[in-house]
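4 protein chains.
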Amino acid sequence: MTVTTALPFKVADLSLAEAGRHQLRLAEHEMPGLMALREEFGPSRPLAGARIAGSLHMTVQTAVLIETLVALGAQVRWASCNIFSTQNEAAAAVAVGPTGTPGAPAGVPVFAWKGETLEDYWWCTTQIFDWSVEAAAAGADWTGPNMILDDGGDATLLVHKGREFELVGAVPDAEPGDSHEWRVILDTLRASLATDPGRWTRIAEDIRGVTEETTTGVHRLYELEKSGDLLFPAINVNDSVTKSKFDNKYGIRHSLPDGLNRATDVLIGGKVAFVAGYGDVGKGAAEALRGQGARVIVSEIDPINALQAAMDGFQVARIESVLDEADIFVSGTGNQNVITVEHLLGMKHLAIVANVGHFDDEIDMAGLEALSGAEKVEIKPQVHEWRMPNGRSVLILSEGRLMNLGNATGHPSFVMSNSFTNQVLAQLELFAEDYPLGVHVLPKLLDEKVARLHLDALGVELTTLTPEQSAYLGVPVNGPFKSDHYRY
Amino acid sequence: MTVTTALPFKVADLSLAEAGRHQLRLAEHEMPGLMALREEFGPSRPLAGARIAGSLHMTVQTAVLIETLVALGAQVRWASCNIFSTQNEAAAAVAVGPTGTPGAPAGVPVFAWKGETLEDYWWCTTQIFDWSVEAAAAGADWTGPNMILDDGGDATLLVHKGREFELVGAVPDAEPGDSHEWRVILDTLRASLATDPGRWTRIAEDIRGVTEETTTGVHRLYELEKSGDLLFPAINVNDSVTKSKFDNKYGIRHSLPDGLNRATDVLIGGKVAFVAGYGDVGKGAAEALRGQGARVIVSEIDPINALQAAMDGFQVARIESVLDEADIFVSGTGNQNVITVEHLLGMKHLAIVANVGHFDDEIDMAGLEALSGAEKVEIKPQVHEWRMPNGRSVLILSEGRLMNLGNATGHPSFVMSNSFTNQVLAQLELFAEDYPLGVHVLPKLLDEKVARLHLDALGVELTTLTPEQSAYLGVPVNGPFKSDHYRY
Amino acid sequence: MTVTTALPFKVADLSLAEAGRHQLRLAEHEMPGLMALREEFGPSRPLAGARIAGSLHMTVQTAVLIETLVALGAQVRWASCNIFSTQNEAAAAVAVGPTGTPGAPAGVPVFAWKGETLEDYWWCTTQIFDWSVEAAAAGADWTGPNMILDDGGDATLLVHKGREFELVGAVPDAEPGDSHEWRVILDTLRASLATDPGRWTRIAEDIRGVTEETTTGVHRLYELEKSGDLLFPAINVNDSVTKSKFDNKYGIRHSLPDGLNRATDVLIGGKVAFVAGYGDVGKGAAEALRGQGARVIVSEIDPINALQAAMDGFQVARIESVLDEADIFVSGTGNQNVITVEHLLGMKHLAIVANVGHFDDEIDMAGLEALSGAEKVEIKPQVHEWRMPNGRSVLILSEGRLMNLGNATGHPSFVMSNSFTNQVLAQLELFAEDYPLGVHVLPKLLDEKVARLHLDALGVELTTLTPEQSAYLGVPVNGPFKSDHYRY
Amino acid sequence: MTVTTALPFKVADLSLAEAGRHQLRLAEHEMPGLMALREEFGPSRPLAGARIAGSLHMTVQTAVLIETLVALGAQVRWASCNIFSTQNEAAAAVAVGPTGTPGAPAGVPVFAWKGETLEDYWWCTTQIFDWSVEAAAAGADWTGPNMILDDGGDATLLVHKGREFELVGAVPDAEPGDSHEWRVILDTLRASLATDPGRWTRIAEDIRGVTEETTTGVHRLYELEKSGDLLFPAINVNDSVTKSKFDNKYGIRHSLPDGLNRATDVLIGGKVAFVAGYGDVGKGAAEALRGQGARVIVSEIDPINALQAAMDGFQVARIESVLDEADIFVSGTGNQNVITVEHLLGMKHLAIVANVGHFDDEIDMAGLEALSGAEKVEIKPQVHEWRMPNGRSVLILSEGRLMNLGNATGHPSFVMSNSFTNQVLAQLELFAEDYPLGVHVLPKLLDEKVARLHLDALGVELTTLTPEQSAYLGVPVNGPFKSDHYRY
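Heads up: the protein sequence lines correspond to chains A, B, C and D, in order. 1 is the number of the first residue of the first sequence in the UniProt record's numbering; add one for each residue after it. 1 is the number of the first residue of the second sequence in the UniProt record's numbering; add one for each residue after it. 1 is the number of the first residue of the third sequence in the UniProt record's numbering; add one for each residue after it. 1 is the number of the first residue of the fourth sequence in the UniProt record's numbering; add one for each residue after it.
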């Protein structure tokens, strides 16, 4: 295999790869969980035989994840799960491979670059399911992956929808109100159906399971399970404690101010910041903003979370009550239309509006684009001033999409090390064990293991139960330490 | 019924009752959940017919709980669940009743005073099961309660053990290593068996269920359920979010510095404080101490909680590593012997040692008492300097028992309003619905209701989902908003 | 000298003294600055010959100060500077003296008890100027002190006013609008003039200087200096950095929540707290309340302090704007009528109102007392519910006076150790050096020394400049490190 | 005047200017103080006749300052005061001028670009003193400026040294140990002496005064004053409260984490961060790092600041004690060799080392460069991995220079608005009033005015003294509110 075949188009740039390799080296230092797994499982290669189709933001951290999977024996093909989130130097580094030697059999086929069109995006996603090159090299009769590692569920969606349309033998026409993205998906599958009408059915049969990274993807999986349409077992990585309570809270705590700073350079101290939602994302956002000296106002729909916010010293108000007071609006809910055009029109001049939630439609960008008389001025990439007909402007970050990815560099390596150590353990579980059809979470002991692998790097001394204490509590010395419903 | 019969001995003091009544009035203002339940359910009296045996710290807040139960129609008899925790004026106020008129049919029989002996304590506990006065007044044939409201499980224990010994017809002799308390229990039940060999069996049959307040009690209930010995359904109030995440965290955040201040008047700022455990109790303790300017070091056995502590900016170390560094030691784990005599001997002169955990033996007081050459000097009640043979002293608060009860006044009213609103809703559930045998938690919607009843008092504006958002999320507009495994 | 003569009336209680002695012992552990001075200067007794008239809250910490002065060779007579602030056990312990042996020549004459009348108070203050017993014992011809240690300036006022009236030979009649306290002062001096018309003139001549503790007293001293009426040199201890920035900020941070808790037991978390003033006192108050989970709103008259508050994340508003929002009102300004009757009438039912400022009239208590239809109900000592004619109540702490003294135990020992180490150094300066007439501050090197004496107790490692760094910065290796206008 | 003459070389790029103009517009929104001054003084043009030579980081914020000076009537020439700190688009925007029309008489001559050599730098600095073009256009006989606006004192140094060498008629040779920069300065002045031996003497005579921005520059000015060499009056802008307490503390709080994030993307949460110095810069740094979840350890040489750090809950230790514990080292002292090569060699692998202090030699970069076996690897611009002979690496940000300028974008606009509003007021003072020779600070009322002009933007409501309160306090209703020695 030459470098050329391993590399996707557009990133076959060796100097880019070299720059990315520097960053990978630093990231590895910040990802002790993954490095510990390489050490523990590298020799035994428990993922030998695994053919993983990965769809997850192609960042530096993901590069360390990919190379960890490879170190554990897997073969991998990769696409990003977001059109903006790829770091080209990371993609290049992975494509070229750790040796950095052109021509050496090393790189992983990566299909991702910063600023894809939707058509690009879904083309890339189909590429992670086309293993004909690898099959040819191996003389094998399979043509697709046997594992999916997913973030947001797009790879899983493609398999499920592809098979569904193959079963009925036709891809439906788009409906009038359908989104552009849905039309692209239908076109993609229509083309696939025309060229290979059994492709997705074959792929679905080969898949041993999927490990899913995010709330969104997990939500889709539970709906598939509920409707009886789920085609293979899934592990919900998102709800590991070391994922959801760390990635969401501590990741956002880091990347929200980072994104605000890179995008606007506006002093956060002294400002009034509004945070929609006080789940883990909102908690991290509120803490970060307070830590920078902002006065934070929170909104919530859930009385329990609302009470927590109040107990933590935050004003809790509806957005309508504080439109003329807040300077920075942050949405972190997982809901849609949390910030409406009506809200935008009521804001102060040059209010900053940012989304760190799970979905892209928390801010009604479609409504804003449709607003008569509104004008969009690019201040710099991913930072736009929208001049509104009332004479005021708002600054919208990352087009209303996830600003921690668009304006910053996403969650930092250490946070992702937690998430991705869960991912690797989940891949190991699904590949090695016969999990029944359904959506599962990782056993608590593995969740605790993920945490354990990150303690040394922080200088944490863990206390060990004495045998007497262990007996007294009825808790094993090495865990698991908590009941499943413990809330941390 | 005259006041004399309603009042337990030692608290029949009307001026004490009057002082207590003032405090109850202020506490009612801080317990909006209970007051809202009085308003909602007072007219329909859904607890009419309920005969509740209550065993829970007899504080001002509990007085508001008791009078709420009465306002909802229940009859109540009450004991404290801790020998030190009774506030005599609160006991007196409840015993005299809200009208404050001696002789008026108002008060609730309360068997509790500050500073009981263990013998007193178990005598008091037996009194809440003796409803002969009430039965006589009602011309009824029952002689005991039909509901238990428990904290720590002592009332539940008495019924289970009483019935167990009645079944075999004998109370066993104490074993050599048995605690003094266990001997008192055996003596109590031995006397009962002698005078009425079917008493606890009858009582157990009448009980519709128990609502349990604390981790300890819940732990015992799950063990009874696991072993098949549970005699009636139980609702685990402790694990309502609005209980465990509020009482433990925000209650301790309040009462730990309060207790330290009242006990020692020592400046917390600038000190090094060690907190054993980073569960909800530890989180509240660490936040409170940091909020007062202490440098906080945390210990943990669970790698996940340890990682949380590190992410929250705390040093995580074993107690052995920081003995000569810390000025204040706080144990909040639920484990035993967290602070051993060995540890005490290694501490700095006049280090302060306090326990806010669920159990009394987190600090090895028995070991300290047995330490040759140690001398105990009372600085003031509940504050003792232990002079150790190494020439140094430690200050032990509340004899190693719960200092937030012994040195402060326990959790404040607003926190207890959350816990006790859960308690009342649990009593309503168990009394009205046929719960199967087992240990249950309150439905999430009721948990959310508890929170909802406390928002107005804090000026919280709750945001309401639009119908479109509700449909999009698949979440009802009025909740429940979260899955059962959501961690808050 | 027998114990009886050393003891003022009402505190000649040996068991009280013993209890106080325990507390002194613990306080000494928390007052490393004073203990270090005893060690450094005890052998040389540089205050031998000093006769100090002390007027300062007679607390446990002051007891350690007094005994430090004595250890350095001084003779001392003491009164409190506030009618409520005496801790009787501390007064008793000092009166009896460190040996605790009745009859032993040990105790210091103390004239102070908790709950003096204004008549008592000024009688006590005169007693610290009557050194006839000591003079007789020494066979000396002086009859008064030669040093004053003052807090608030009352002792200094008495000397200045006494001499002023002696000069004109008459004490003026009170004017119609004069306060009750001023009338008591006039009566006191009128009686003195009648019995010994040259007393205060003689005393004034003997005084080498006064060291003044507080903002108020310092303010008076600067006014005396400005008007040319100052009779002896003064050292402004208040403006030592280790006094004003520590006592005000860190003392209040400790004692405000302590006082709120002891007075009301109300959960601070989740509440809206209003703090008038964002000087050092307000900064400490706001930090403490935020640290307990309150949402804090600040008011300010100075745009610089207002901007600081905003930068620290606090809402800055006029009290009128938040009357119906706040649950707790704290005044810490040094101004009068900061909280008016109009404000009180606009507050929520059972709002808590507390003063931690330098003066007693920050809350318009006179106006409240004059309010027709208002009713005062004592909840407990120093906690009063004022029922207002609008049907709402407010809870006033410590009758509107300093609640950290009335409801708590004042600043904790460690804070006072800083202040009092400044006091002792100032006494040493004034007694040993010939300071010119005027108001002085301590040299920065002594201020830094105060800090230095408190570092070990906190485990602080100080970094030392290399000779090269010292030369580079132009700063001596051992300080002083900062210019006089440095703001810390 | 054509654009070409207004523009310095390298930045005559109109699209760059347009991008810069967008940023200026946003910055103006964040600089309410400067915009208020334009509104207040724009019509009267009090700086008409002022010819200002400015030497200050040529950032977006400085651009708003420059255009404010111009709006007030001044003529301006500008250089940066740091070889790395210029934002080229800001320089271009100012050079082109607000109309953005090439050829329009608008722009200000700017001599600054990112990445100057030292030779470039001092050439640029000389250009701000060469007003021959402006003189020719005005038909005037002056050839230089009459005001200096300085940051760090390089412009002031050039005038003083230039005149000094002109007086003796010779520029000395460099000494063996002299820095490269000093040699460049000597070369520059030698060339000047050769071509125009009276230039700096003439310039010095014309200068009415200098307003100095930073600690460093102020330090130099006080030394000149002390030695009697100061040539013209100076206003110390640095020590305005609204400068030093805001710029240093709140500016660093913002830009330190910003710079760390942009440079390394490393999660700050959970890390151990060491901050050398707990002055205003250190306070801001420590607060920012704690706000991101780091555990912060502080070092100090001054016992008062050390005590403050301890009281604020930070561990205070010498760097030697925590070399193997800290992950991030931040120096913010104003001293040299705070982090030595010895320290670097003792650090953990990939420890991050950053300087936010006033000087560039806080980290011994010269020593590191001279270290045998050390290797420097550029990760990206301003981020270098130094591989040390012990096998470990450290990450040095911005070559050891100010990382908040090199890795971030400096202090944000709102902070600089405070500093620069002081600058403009100082220029107005010096230009309008006859200040005596010496170093002055701005009158407190102007300092308060700076704060006042920034309150509305933050929604701050200021409280106003009643006439009675004003009389009671002896403080004017509109300020000044504090004595000169008040510490804020």
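Be a bit skeptical, because a hint or two may be false.
No distinction is drawn between identical chains; accordingly, a pair holds when it is met within one copy or between any pair of copies.
[Said to hold, decoys possible] List time: in silico SDA-like cross-link candidates among lysine to any residue, alpha-carbon distance up to 25 Å: (1) 161 with 137; (2) 444 with 488; (3) 161 with 336; (4) 161 with 473; (5) 444 with 223; (6) 482 with 438; (7) 380 with 135; (8) 348 with 384; (9) 444 with 373; (10) 226 with 444; (11) 114 with 48; (12) 348 with 179.
It is worth saying that the hints were derived from the structure and are not from the lab.
Now for the hints, and whether the structure bears them out:
Taking the shortest Cα distances, residue 161 and residue 137 never come within 25 Å of each other, neither inside one copy (29 Å) nor across copies (72 Å). Proximity of residue 444 to residue 488 under the C-alpha cut-off of 25 Å is found in both arrangements, the shortest distances being 12 Å within a copy and 18 Å between copies. Taking the shortest Cα distances, residue 161 and residue 336 sit within 25 Å of each other inside one copy (24 Å), while across copies they are farther apart (56 Å). Taking the closest pair of Cα atoms, residue 161 and residue 473 come within 25 Å of each other only across two copies (21 Å); inside a single copy the shortest separation is 49 Å, beyond that limit.
For a Cα distance limit of 25 Å, the shortest separation of residue 444 from residue 223 qualifies both inside one copy, at 24 Å, and across copies, at 21 Å. In this assembly of identical chains, the alpha carbons of residue 482 and residue 438 lie at most 25 Å apart whether taken from the same copy (24 Å) or from different copies (20 Å). In this homomeric assembly, residue 380 and residue 135 never come within 25 Å of each other (Cα to Cα): the closest approach is 44 Å inside a single copy and 39 Å across copies. Taking the shortest Cα distances, residue 348 and residue 384 sit within 25 Å of each other inside one copy (16 Å), while across copies they are farther apart (42 Å).
With identical chains, the CA atoms of residue 444 and residue 373 are never at most 25 Å apart, being 54 Å at best within one copy and 46 Å at best between copies. Proximity of residue 226 to residue 444 under the C-alpha cut-off of 25 Å is found in both arrangements, the shortest distances being 24 Å within a copy and 21 Å between copies. In the homo-oligomer, the alpha carbons of residue 114 and residue 48 never lie at most 25 Å apart, since the shortest distance is 31 Å inside one protomer and 51 Å across protomers. With identical chains, the CA atoms of residue 348 and residue 179 are never at most 25 Å apart, being 31 Å at best within one copy and 51 Å at best between copies.
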